Structure formats: C-alpha cells, structure tokens
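Visitor: Sequence:
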Amino acid sequence: MNQPATPLPASPAEHRVVILGASPKMDRYSNQAQHMLMEAGYQVIPVHPKIETIGGVPVVHDVRDIDRPVHTLTLYVGPQRTAPMIDAIATLAPARVIFNPGTESDVLEERLAGQGAECIRGCTLVMLRTRQF
Numbered sequence: 019m020n021q022p023a024t025p026l027p028a029s030p031a032e033h034r035v036v037i038l039g040a041s042p043k044m045d046r047y048s049n050q051a052q053h054m055l056m057e058a059g060y061q062v063i064p065v066h067p068k069i070e071t072i073g074g075v076p077v078v079h080d081v082r083d084i085d086r087p088v089h090t091l092t093l094y095v096g097p098q099r100t101a102p103m104i105d106a107i108a109t110l111a112p113a114r115v116i117f118n119p120g121t122e123s124d125v126l127e128e129r130l131a132g133q134g135a136e137c138i139r140g141c142t143l144v145m146l147r148t149r150q151f
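Just so you know, we're using this note's numbering here: the sequence shown kicks off at 19 and counts up by one.
The hints are simulated quantities; they were obtained by calculation from the structure and are not laboratory data.
One or more hints might be untrue.
Restraint ranges, calculated between C-beta atoms of paired labels, are given here [said to hold, decoys possible]:
| # | residue 1 | residue 2 | range |
| --- | --- | --- | --- |
| 1 | Asp-124 | Pro-42 | 28 to 34 Å |
| 2 | Arg-46 | Glu-122 | 28 to 34 Å |
| 3 | Arg-139 | Ala-58 | 18 to 24 Å |
Derived EDC-like pairs (lysine to aspartate or glutamate); straight-line CA-CA distance at most 16 Å [said to hold, decoys possible]:
| # | residue 1 | residue 2 |
| --- | --- | --- |
| 4 | Lys-68 | Glu-57 |
| 5 | Lys-43 | Glu-70 |
| 6 | Lys-68 | Asp-80 |
None of these values were measured; they are calculated from a predicted model.
Ideal Cβ positions, reconstructed from N, Cα and C, are used throughout, including at glycine.
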C-alpha cells in the first residue's frame with residue numbers, strides 16, 4: 019500500500035520523527051533507532067506511557083500530546099496496542115509511517131494512506147543503515 023514518496027524536509031534537523039513504543043532498554047530496536055536517528059541529526063519524539071526520558075530526551079506519554087508537525091512516525095508497538103490509538107495517530111497526520119516488523123496493521127495503514135501518508139512496511143534500522151531513511 020505504498021504511496022508515492024513524500025518529499026523529505028531539507029535537512030535532518032527539520033525532520034521530526036515520532037517513535038511510538040520507545041524504550042530505555044538498550045537492546046530494544048526502538049532504542050537503537052532513537053540513538054541512530056539522533057546521531058544523524060533528526061529531531062526525535064519518543065512516546066511511552068510511563069517513562070520520563072530516554073537518552074536525555076523528554077518522553078511524550080500519549081501521541082495526542084504532540085503539538086508539532088511530524089514528518090515520520092515509526093512504530094514499535096503491535097496492532098493490538100495501536101488499535102485504540104488509530105484516531106489519535108490519524109490526527110497526528112504524519113507524512114510517512116514506518117511499520118517495523120511485527121507492527122503491521124491493515125486497518126491503520128488503510129486509514130493513514132487514505133489521508134495521504136506514505137506507508138512503508140520496513141525496518142527503520144535497515145533504512146538508516148542503508149541511507150534509505
């Protein structure tokens with residue numbers, strides 16, 4: 019269900035990335051992605067319902083609390099957890115959504131693609147390592 023590629027902001031510093039399912043645990047892929055994104059100069063907004071900071075970055079507890087434009091949403095929570103958040107995620111209106119392995123949701127993907135979001139079933143870590151992010 020990929021849409022045509024969404025133009026990226028001019029520089030990584032202007033490219034805001036929300037990490038839904040962020041984790042402070044170093045062995046988690048979401049944590050590795052956050053560190054790689056930050057090293058590359060991207061603005062990250064980690065989302066976790068209970069954690070206060072990850073890697074020195076303040077954590078947002080609910081996607082509804084994000085009040086800035088978002089270019090990319092990268093998912094690290096499965097469809098059972100995103101199902102009750104579909105409306106909030108849709109309101110966030112990301113230009114691009116990355117469904118990392120295990121997070122695929124046909125319902126969420128159809129909703130976001132219907133709003134014009136580029137939906138990618140892929141791996142943020144691989145995309146970063148191969149310069150396809």
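Visitor: All hints are to be evaluated individually against the structure, with a verdict given for each.
Guide: Verification of the supplied hints:
Taken as a hint, the range 28 to 34 Å holds for the pair Asp-124 and Pro-42, whose Cβ atoms sit roughly 30 Å apart. Here the CB-CB span from Arg-46 to Glu-122 is close to 18 Å, at odds with the stated 28 to 34 Å. With their beta carbons about 22 Å apart, Arg-139 and Ala-58 fall inside the hinted range of 18 to 24 Å. A hinted pair counts as satisfied when its Cα atoms are at most 16 Å apart, and Lys-68 with Glu-57 does not qualify at roughly 25 Å.
For the suggested pair Lys-43 and Glu-70, the alpha carbons sit about 13 Å apart, so the restraint of at most 16 Å is met. Distance hint between Lys-68 and Asp-80 is fulfilled; the C-alpha atoms sit about 10 Å from each other, no more than 16 Å.
Consistency with the previously given hints fails for numbers 2 and 4, ordered from lowest to highest.
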